Amino acid sequence: MRRIVMWFLSTVTIVVLLFGYHTSTSGPSTASNQVISSTQDSGTGLTTSGTTGSTGSTSSTGTVTGPAVNTRWGPVRVQITTSGGKITAVDVVEYPNNNPRDQEINSYAIPQLVQETLDAQGSDIDMVSGATVTSDGYLQSLQAALDEAGL
Amino acid sequence: MSALAAPVRPRRYVEHVMGMPISLALRGRHTDDARARDAWTEVIADLRDADRVFSTYRDDSFVSRLARGEITVADCPPEVAEVLELGVLARLQSGGAFDVRRPRPDGSVVLDPSGVVKGWAVQRASSWLHTLTGTDFCLSAGGDMVCYTDDPEGDPWRIGIEHPLDPSHLVAVVPIRRGGVATSGTAHRGQHLVDARTGTAPTRVASVTVVAGSLTWADLDATAAYAIGAEAAAWLRDRPGRTGLVVWRDGSVEQIG
Chain A
548 MRRIVMWFLS TVTIVVLLFG YHTSTSGPST ASNQVISSTQ DSGTGLTTSG TTGSTGSTSS
608 TGTVTGPAVN TRWGPVRVQI TTSGGKITAV DVVEYPNNNP RDQEINSYAI PQLVQETLDA
668 QGSDIDMVSG ATVTSDGYLQ SLQAALDEAG L
Chain B
22 MSALAAPVRP RRYVEHVMGM PISLALRGRH TDDARARDAW TEVIADLRDA DRVFSTYRDD
82 SFVSRLARGE ITVADCPPEV AEVLELGVLA RLQSGGAFDV RRPRPDGSVV LDPSGVVKGW
142 AVQRASSWLH TLTGTDFCLS AGGDMVCYTD DPEGDPWRIG IEHPLDPSHL VAVVPIRRGG
202 VATSGTAHRG QHLVDARTGT APTRVASVTV VAGSLTWADL DATAAYAIGA EAAAWLRDRP
262 GRTGLVVWRD GSVEQIG
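From first to last, the protein sequence lines stand for chains A and B.
Residues 548 to 698 (my numbering) are what the first sequence spells out, left to right.
Residues 22 to 278 (my numbering) are what the second sequence spells out, left to right.
What the hints contain is simulated information worked out from the structure, not anything from laboratory work.
Because the structure is a prediction, the values reported are computed rather than measured.
For each residue, glycine too, the CB sits at the ideal point set by N, CA and C.
Be a bit skeptical, because a hint or two may be false.
Label-pair ranges, simulated between beta-carbon atoms [to be verified]:
hint, chain 1, residue 1, chain 2, residue 2, range
1, A, L660, B, A222, 23 to 31 Å
2, B, T62, A, E695, 19 to 27 Å
3, B, L132, A, T681, 45 to 53 Å
4, B, D172, A, A692, 22 to 30 Å
All chains should be built: construct the whole structure from the sequences, respecting the hints.
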């Protein structure tokens with residue numbers, strides 16, 4: 548079990564870089580250096596310290612701040628807090644906000660409220676997003692009507 | 022802008038995989054030729070591969086064998102570790118509301134990474150469609166989709182968001198060029214999402230839609246926000262790079278973005 552935890556410690560940073568950041572880069576310009584915190588209550592009474600910088604990984608409780616890693620979206624830095632060998636928090640202390648193209652795309656893709664009856668002929672839409680449609684429910688769905696129209 | 026362009030009817034393809042309808046819309050250079058059909062074949066094969074590895078409905082899938090303790094993560098294809106790591110991240114970032122390990126009434130814990138797999142698998146499968154140069158695509162699996170326009174300034178895909186309390190109505194339209202759109206709710210399948218912190222189903226939220234750079238994270242965040250329940254909109258607002266929509270059970274709607 549402990550091996551798995553330690554393994555997560557080493558991999559979680561990489562995963563944050565690979566996946567968490569893909570979308571995080573597109574935030575508003577105020578996003579720079581904002582801390583995204585995700586604290587897990589481990590029941591140990593641990594208070595996450597505001598420490599920045601590496602305190603070393605040998606102590607049972609502490610924070611480790613990784614190096615700024617250059618991704619295709621810009622520099623990313625992650626801080627992990629551990630207690631008793633368990634990850635109790637993953638904070639992203641630095642992420643890029645200097646990609647105007649990404650910002651533009653996401654600020655543009657905002658849901659616009661409408662009051663429309665679903666109608667494959669009348670609605671100017673390409674696909675429908677909703678609670679997961681199963682194959683059984685598909686035939687009654689608007690998506691089926693849209694697909695029908697294009698087949 | 023859309024008024025200037027002549028409406029182009031996308032070419033559409035439909036198949037059923039993992040008990041879900043998979044819909045593809047293509048427009049542009051390769052929509053109905055051998056290249057388009059080959060890419061579609063690869064997308065479906067890729068999703069079937071994911072199903073063979075991850076299905077909790079198949080006793081012989083790697084994940085089912087892993088859940089029974091017959092094998093370890095190291096014995097599985099590398100994508101199993103990748104999906105489980107995503108599950109850990111989603112749990113940490115949602116304060117535990119999202120978890121791939123669920124407690125059962127008898128106290129045992131069941132491993133069910135389905136909440137990660139869908140968006141991840143469709144995002145992965147969509148990479149085959151990038152072989153279609155000069156072509157826009159929108160790939161949807163049961164209402165969650167990856168969108169792409171070849172021209173980053175081109176006509177966006179228009180995604181209708183179904184009203185969770187009245188599936189014959191749209192509640193919103195998202196114009197999107199490149200990114201993922203996912204909606205979590207219970208309109209078609211009944212109650213199936215629970216808050217992993219309490220094991221109970223959220224009561225105030227009817228559906229959550231999330232728009233993100235990838236479907237992997239749109240889907241994770243939509244599921245997590247739904248599980249978070251009453252705090253869904255506040256949580257989503259703090260997620261960088263996301264936009265979205267929360268529809269409450271009282272019929273009120275909150276935009277995020």
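Going through the hints against the structure:
no.	hint	verdict
1	L660/A with A222/B: 23 to 31 Å	holds (26 Å)
2	T62/B with E695/A: 19 to 27 Å	holds (21 Å)
3	L132/B with T681/A: 45 to 53 Å	violated (22 Å)
4	D172/B with A692/A: 22 to 30 Å	holds (28 Å)
Comparing the model with each earlier hint shows a violation of hint 3 alone; every other hint is respected.
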